[in-house]
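Asks: Those sequence lines, one after another, are chains C and F.
Using the numbering used here, the first residue of the first sequence is number 581, and each one after it goes up by one.
Using the numbering used here, the first residue of the second sequence is number 15, and each one after it goes up by one.
The set of hints was computed from the structure by calculation and includes no laboratory data.
DSS-like cross-link-like pairs, simulated, lysine-lysine; straight-line CA separation at most 25 Å:
| id | chain 1 | residue 1 | chain 2 | residue 2 |
| --- | --- | --- | --- | --- |
| 1 | C | Lys-1217 | C | Lys-1198 |
| 2 | F | Lys-79 | C | Lys-711 |
| 3 | C | Lys-1182 | C | Lys-1220 |
| 4 | C | Lys-727 | C | Lys-707 |
| 5 | F | Lys-79 | C | Lys-760 |
| 6 | C | Lys-1217 | C | Lys-1240 |
| 7 | C | Lys-758 | F | Lys-83 |
| 8 | C | Lys-760 | F | Lys-83 |
| 9 | F | Lys-79 | C | Lys-758 |
| 10 | C | Lys-734 | F | Lys-79 |
| 11 | F | Lys-69 | C | Lys-758 |
| 12 | C | Lys-760 | F | Lys-69 |
| 13 | C | Lys-711 | C | Lys-727 |
| 14 | F | Lys-69 | C | Lys-711 |
| 15 | C | Lys-727 | C | Lys-854 |
| 16 | C | Lys-1245 | C | Lys-1220 |
| 17 | C | Lys-1220 | C | Lys-1198 |
Since the model is a prediction, treat every value here as computed from it, not as a measurement.
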Amino acid sequence: MSVWNYVVTAHKPTSVSHSCVGNFTSPNQLNLIIAKCTRIEIHLLTPQGLQPMLDVPIYGRIATIELFRPHWDADKSELLTRAMGDVSDRIGRPTDNGQIGIIDPDCRLIGLHLYDGLFKVIPFDNKGQLKEAFNIRLEELQVLDIKFLHGCVKPTIVVLYQDNKDARHVKTYEVALKEKDFVEGPWSQNNLDNGAGLLIPVPAPLGGVIIIGEETIVYCNANATFKAIPIKQSIIRAYGRVDPDGSRYLLGDNTGTLHLLVLTHERERVTGLKVEYLGETSIASSISYLDNGVVYVGSRFGDSQLVKLNLQADASGSFVEVLERYVNLGPIVDFCVVDLDRQGQGQVVTCSGACKDGSIRASVELQGIKGLWSLKSSFNDPYDMYLVVSFISETRFLAMNMEDELEETEIEGFDAQTQTLFCQNAINDLLIQVTANSVRLVSCTSRELVDQWNAPAGFSVNVASANASQVLLATGGGHLVYLEIRDAKLVEVKHAQLEHEISCLDLNPVGDNPQYSSLAAVGMWTDISVRIFSLPDLELVRKETLGGEIVPRLAIAKEGELSIGTIDDIQKLHIRTIPLNEQARRICHQAQSRTLAFCSFKYNQTTYVLPEENEPTKGRILVFAVEDGRLQLIVEKETKGAVYSLNAFNGKLLAAINQKIQLYKWMLREDGSHELQSECGHHGHILALYTQTRGDFIVVGDLMKSISLLVYKHEESAIEERARDYNANWMTAVEMLDDEIYIGAENNYNLFTVRKNSDAPATDDERARLEVVGEYHLGEFVNRFRHGSLVMRLPDSEMGQIPTVIFGTINGVIGIIASLPHDQYVFLEKLQSTLVKFIKGVGNLSHEAMAVIP
Amino acid sequence: MGSPQGGWPSYNPQNFSQLVPADPSSQPSNITPVTYIATHTTDPPPNQVITTEAKNILLRHLYQKSEEKLRPKRAAPDNLAPENNNKLPRGSQSNARS
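Looking at chain C on its own, in the form it has when it is part of the complex (with noise of 0.2 Å):
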């Protein structure tokens, strides 16, 4: 019922598009910086391997991303904006190749290739400011690549394009930057590989530039040195340059084969090209050339790596040893949501990746682990016994077994229906849990509860902290409560207001007794200071303002010290992987004979595509029964187009085929056998691509005509349309929220939602339309919607009630969509609007600017 949706990413995006590397966070640091999509990682190289150092949000999709060195001084830690812009035109046709963004090597433009037959401009003036950008007519429309060359008196490009004749060629131009024109560049080559795809710029003093084709690559420069070789077909997207001068390079292609690629020279000329196997790694979309031979591959297609390349071949003749695999879910082909524990928490089983980078994924989210104490089964044992896991409304326990194992048990003198803000062994054979509301000493023999302090009413603990004989607590308002353990019971001995919130405590004794400490650190909010006061009398001993930004989380005190950081997120999805090696298209569930079924392919697909046509003409429905754990195949049915979807609907299936929606019974036979036997369909759609049912509804989402409502009359044994969005919108998902209300993904990153008019009056143009309701722009591709839930969900928790659909995106993104009551609607977007206040968007980009539609 609720037209009052809230959209939160569960998994960032994992896909990796670009990445580059050198020294970004200060001169002495070698950096590795990857694009996903909306985000940005930075990277340190060390010893020990890659140290990550940042995570950075933008608000908006990574189109290129390059790193120069300008000629001014860099400094901070902070992510500054030198320079930002709108850079769009109000009239040009966004290129089909993509956004081209290039810098000249000596950092006197930056040149862009966004919209056909424009070559936009931004020069650098001499103090290295940015100035007002231009655009520059380019005659060649089809461009496939465009370079700046190296060792130029003047700017020049090198690009690479095709004629209307489908023949591909390369051209240079210089830029002339006061006479805003191109000047004909110092020399072309025409006729190249039909494939040749990619332009790779080579340093100076060799100068020139390699062309990669799809059968050759060649080399050519101003000098009329041209050198070319043939290759094994294949297409090469991706490349990184290893040594400084230009050398040698690293070519990944759609296989996943890495070759490299060797410039031979002499006395500053190329005499030569050379090309070697170097082995397997995940189909490849940057490559970044690292340190002694380490080599960081990005995939948007399978796992990002860490590759080592090695001197000598191993046994099947592979240079190339992988050090570590980053996960990447992306693409998100097809998921389910399996509740394989019934436990009311969902696990998303994802078709993932792409071709031979094929897999599947199981993600569990481990939400709610809101601390982790281990208990001794007394005080002076060496070793734990128990381990405490906090939930964000239960606690649970686990203890070593004799076998070694742990497992789950019960402390009954312990709170195991709420939250545990902390846990501690206490002298006496004592144990501490301190909760929302109370703070429990139970004996460690009996497990029993030996004494309880309880919260007073209207207040409840924010934050605690204890060590073996005292317990430190903070409630709303700033007050302080101190309790000490005196002969197994809780003795409240002090309290004090403090003027702000208070944010963390620590107890930890600093000095000879490791049993009680005379001193209590706390932290607050506001001022951002760190507080320390004596005990047992809780008097102001010392105050120090951290200034800045810093937020005190942790505060760790140790002889004659103070240190203060934050925590790293623990990461909230455990994923497990199961590489297919094939592309895995869908999966789905089937409940009763706990059965999950994926559909995958290499070359082999049941749609029958004949070369004249420009639509599929035939397919086939194949049903499959589980018996004894295996598929057998019940029914083959030829259809009279490609299959795009399918739906159990009313005990009979629903088919998507090309533009019809076609309903089949399910027959049995005289002699037994089953058969799908057509009922009624309805037309009127380009391509019916996603199909969701509900009741007798039947919602549509079409390739280019937005979604639109069906409706099954019984008695007539037909399917109407009773409603559609006039809109041009050309779908990637849909899903149906409830009864009324409908979201659809659209291929321009948004999400919208749709609702039926079933109260309109009573003209049919009213009824017959279906109202948008509201708009999100995503910035994510969406391959599929499910409902579900990620979370486990307790049945008396306010969370049980709020109906959440999931969904799954090209860059790996596992997001989810809640549909909330009106009043917490209101309250979630007045905190997001104040948190876009004090949080800003990195290179100044705008949080609206991202949630309206374009």
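Use these hints to put chain F onto chain C, whose structure you have.
Replies: Same frame as chain C, but now just chain F:
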């Protein structure tokens, strides 16, 4: 491949020297860095908000051409200087392909 012709470039011999390769049968790593939250200002310097020149490029070309015509004749115009023989302004000759 005999050997990678002289080994691989090294910027800092320490990098990756203590790296322990992950077990090939283990699950791929899912660790991401700390999320960066920009609470500082992300405004660019005031003169560094980049815009595109508003003048239409055809008009700009026509104005430039007419200005050139009006300019008093000079002894050696740039585009006929001997050292620039290979370079011709676009449009002054047909773009015949080689």
